[in-house]
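Okay, here's what each chain looks like letter by letter:
There are 2 protein chains.
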Amino acid sequence: MELWYTEKQTDNFGITAKIKQTYVHEQTQFQELAMIETEEWGNMLVLDGMVMTTVRDEFVYHEMVAHPALFTHPNPENVLVVGGGDGGVIREVLKHPKVKKAVLVDIDGKVIEYSKQYLPSIAGKLEDPRVSVQVDDGFKHIHDHKNTYDVILADTTEPVGPAVHLFTRGFYQGIYESLKEDGLFVAQTDNPWFKADLIRSVNRDVKEVFPIVRVYTANIPTYPSGLWTFTMGSKKHDPLNVKPEDIAELDTKYYTPRLHQAAFALPKFVEDLTK
Amino acid sequence: MELWYTEKQTDNFGITAKIKQTYVHEQTQFQELAMIETEEWGNMLVLDGMVMTTVRDEFVYHEMVAHPALFTHPNPENVLVVGGGDGGVIREVLKHPKVKKAVLVDIDGKVIEYSKQYLPSIAGKLEDPRVSVQVDDGFKHIHDHKNTYDVILADTTEPVGPAVHLFTRGFYQGIYESLKEDGLFVAQTDNPWFKADLIRSVNRDVKEVFPIVRVYTANIPTYPSGLWTFTMGSKKHDPLNVKPEDIAELDTKYYTPRLHQAAFALPKFVEDLTK
Numbered sequence: 001m002e003l004w005y006t007e008k009q010t011d012n013f014g015i016t017a018k019i020k021q022t023y024v025h026e027q028t029q030f031q032e033l034a035m036i037e038t039e040e041w042g043n044m045l046v047l048d049g050m051v052m053t054t055v056r057d058e059f060v061y062h063e064m065v066a067h068p069a070l071f072t073h074p075n076p077e078n079v080l081v082v083g084g085g086d087g088g089v090i091r092e093v094l095k096h097p098k099v100k101k102a103v104l105v106d107i108d109g110k111v112i113e114y115s116k117q118y119l120p121s122i123a124g125k126l127e128d129p130r131v132s133v134q135v136d137d138g139f140k141h142i143h144d145h146k147n148t149y150d151v152i153l154a155d156t157t158e159p160v161g162p163a164v165h166l167f168t169r170g171f172y173q174g175i176y177e178s179l180k181e182d183g184l185f186v187a188q189t190d191n192p193w194f195k196a197d198l199i200r201s202v203n204r205d206v207k208e209v210f211p212i213v214r215v216y217t218a219n220i221p222t223y224p225s226g227l228w229t230f231t232m233g234s235k236k237h238d239p240l241n242v243k244p245e246d247i248a249e250l251d252t253k254y255y256t257p258r259l260h261q262a263a264f265a266l267p268k269f270v271e272d273l274t275k
Numbered sequence: 001m002e003l004w005y006t007e008k009q010t011d012n013f014g015i016t017a018k019i020k021q022t023y024v025h026e027q028t029q030f031q032e033l034a035m036i037e038t039e040e041w042g043n044m045l046v047l048d049g050m051v052m053t054t055v056r057d058e059f060v061y062h063e064m065v066a067h068p069a070l071f072t073h074p075n076p077e078n079v080l081v082v083g084g085g086d087g088g089v090i091r092e093v094l095k096h097p098k099v100k101k102a103v104l105v106d107i108d109g110k111v112i113e114y115s116k117q118y119l120p121s122i123a124g125k126l127e128d129p130r131v132s133v134q135v136d137d138g139f140k141h142i143h144d145h146k147n148t149y150d151v152i153l154a155d156t157t158e159p160v161g162p163a164v165h166l167f168t169r170g171f172y173q174g175i176y177e178s179l180k181e182d183g184l185f186v187a188q189t190d191n192p193w194f195k196a197d198l199i200r201s202v203n204r205d206v207k208e209v210f211p212i213v214r215v216y217t218a219n220i221p222t223y224p225s226g227l228w229t230f231t232m233g234s235k236k237h238d239p240l241n242v243k244p245e246d247i248a249e250l251d252t253k254y255y256t257p258r259l260h261q262a263a264f265a266l267p268k269f270v271e272d273l274t275k
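First to last, the sequence lines map onto chains H and W.
1 is the number of the first residue of the first sequence in full-length UniProt numbering; add one for each residue after it.
1 is the number of the first residue of the second sequence in full-length UniProt numbering; add one for each residue after it.
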């Protein structure tokens with residue numbers, strides 16, 4: 001007998017992956033959570049029917065949420081990750097020696113718990129002494145912490161379920177106020193093939209709040225269309241002013257100093273969504 | 001009743017697309033050919049069980065085979081397309097006013113015939129007076145035409161079926177000899193997630209023949225992993241010396257002057273395959 005996980009990424013298209021076993025499948029307080037062992041991608045975390053991360057390709061997403069922001073800010077001492085309970089973004093943040101404190105705020109403690117158990121290569125750094133893990137509402141957290149962070153990274157699910165209010169102008173305004181005077185943030189902002197309207201509206205909203213707004217992309221094979229966008233909003237520092245020679249070599253598998261600026265060179269049809 | 005086309009891109013992973021109807025499904029002299037109407041991607045050409053092109057996302061592949069090469073060569077008058085019977089690469093080649101003659105050599109006349117019938121937005125330019133369409137073996141063609149072309153574009157299927165000898169050192173040597181003294185070529189060279197060994201071996205082979213070898217990528221959502229590589233071999237002109245300001249604006253949906261160099265900035269794990 002063969003078992004396959006099939007995700008309808010749209011009503012008419014999807015991916016399918018052969019499964020070895022299902023470790024967890026439950027309704028948490030906030031969402032439907034599954035932890036599956038796949039043949040192709042290793043262990044895979046699925047929330048509300050959408051692949052969040054897999055052991056094999058997680059490095060792309062986690063590196064590309066963290067490093068463009070952390071190499072754009074000259075002194076990222078205090079970093080907040082909203083969502084990201086699997087711990088992958090935190091792991092990348094900690095590669096930057098300037099980081100003194102990294103706070104993770106995920107609303108769903110079950111994501112953190114099962115990631116530690118089934119995704120240790122991703123979640124292993126959540127125990128680091130520089131990290132503070134808080135099970136709480138990210139929206140509330142930023143409103144309770146004004147003028148606090150140098151960098152905020154929004155590693156959220158899609159705008160359905162618990163993350164729905166994390167794709168609103170109010171959220172970006174809250175992030176602005178939670179950042180210090182030269183702070184910046186990055187949010188994952190879905191894919192341009194199936195969610196063009198979302199990218200367009202997020203871009204418009206972030207531009208109303210931040211003076212510098214830049215979109216970049218990365219290839220994530222288990223995400224819809226394989227092309228993912230990230231939106232950076234910044235008060236002062238422009239990622240396009242960062243030169244390859246200013247970027248320290250880190251131990252990465254996707255991000256490189258030369259890729260930093262190149263990731264911001266968008267395909268024409270994506271660029272058109274940001275105008 | 002719902003019909004879905006499911007392509008196993010590896011033994012353990014694939015894509016699935018809802019179908020409206022199947023226009024053609026037959027064994028040609030060379031391969032299994034299907035022309036399917038899908039909900040998400042429009043009409044889709046499938047050869048030997050692999051998506052070759054779809055009406056909705058074809059622009060990425062066809063632009064990215066043609067434009068990096070044609071903007072790297074200062075005077076691309078004579079261009080050969082090996083394979084590419086759907087006509088998409090030819091359509092992009094003809095956007096360059098310097099092109100005087102574009103020869104298409106595909107071994108399978110059925111691909112050309114059905115593309116004209118079911119993919120008119122892609123194949124429509126095959127009737128252009130600058131184009132010569134020849135149903136023939138591309139390997140044989142290049143050996144019969146020494147010192148003839150400025151640019152050769154290898155728009156082949158994967159290295160199974162009729163294209164198996166188009167991923168060999170002998171093919172690259174033949175291309176070298178078929179090019180003029182400052183000629184260059186581009187070949188599609190599959191994806192780094194599932195075909196790392198192929199990219200590594202092609203890179204090694206092309207480096208034995210051409211002094212300048214560069215790899216670049218593009219996102220193609222209906223191809224395995226969504227991340228596609230292309231390899232350019234050049235006798236004299238380096239694509240990395242082409243500046244955005246030297247590139248004329250064309251009517252494109254993916255390629256842009258700024259994307260030209262950025263496409264060559266590889267993710268670390270891809271870069272490692274080329275060393």
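Don't read these hints as lab results, they were simulated from the structure.
Check the hints yourself; a few may be wrong.
Which copy? The list can't say, so a pair holds if one copy fits it or any two copies do.
Stated by the list, open to error - Here are the simulated lysine-lysine pairs, DSS-like style, with alpha carbons at most 27 angstroms apart:
1) 116 x 253
2) 268 x 98
3) 20 x 195
4) 243 x 110
5) 95 x 268
6) 207 x 116
7) 100 x 8
8) 253 x 207
9) 101 x 235
10) 8 x 20
Computed from a predicted structure; not experimentally measured.
Do the hints match the structure? See the list:
For the homomeric pair residue 116 and residue 253, the shortest alpha-carbon distance inside one copy (22 angstroms) is at most 27 angstroms, but the shortest distance between copies (43 angstroms) is not. With identical chains, the CA atoms of residue 268 and residue 98 are at most 27 angstroms apart between copies only, with a shortest distance of 23 angstroms across copies and 36 angstroms within one. Only between protomers do residue 20 and residue 195 lie at most 27 angstroms apart by alpha-carbon distance; the minimum there is 23 angstroms, versus 31 angstroms within a single protomer. For the homomeric pair residue 243 and residue 110, neither the shortest alpha-carbon distance inside one copy (40 angstroms) nor that between copies (50 angstroms) is at most 27 angstroms.
Proximity of residue 95 to residue 268 under the C-alpha cut-off of 27 angstroms is restricted to the inter-copy arrangement: shortest distance 16 angstroms between copies versus 33 angstroms within a copy. For a Cα distance limit of 27 angstroms, the shortest separation of residue 207 from residue 116 qualifies neither inside one copy, at 37 angstroms, nor across copies, at 45 angstroms. For the homomeric pair residue 100 and residue 8, neither the shortest alpha-carbon distance inside one copy (41 angstroms) nor that between copies (46 angstroms) is at most 27 angstroms. Taking CA atoms no more than 27 angstroms apart as the test, residue 253 paired with residue 207 passes between copies only; the shortest distance there is 24 angstroms, against 31 angstroms inside one copy.
In this assembly of identical chains, residue 101 and residue 235 lie within 27 angstroms of each other by CA distance solely inside one copy; the values are 21 angstroms within and 52 angstroms between copies. In this homomeric assembly, residue 8 and residue 20 come within 27 angstroms of each other (Cα to Cα) both inside a single copy, at 20 angstroms, and across copies, at 17 angstroms.
Against the hints set out earlier in the document, violations occur for numbers 4, 6, 7.
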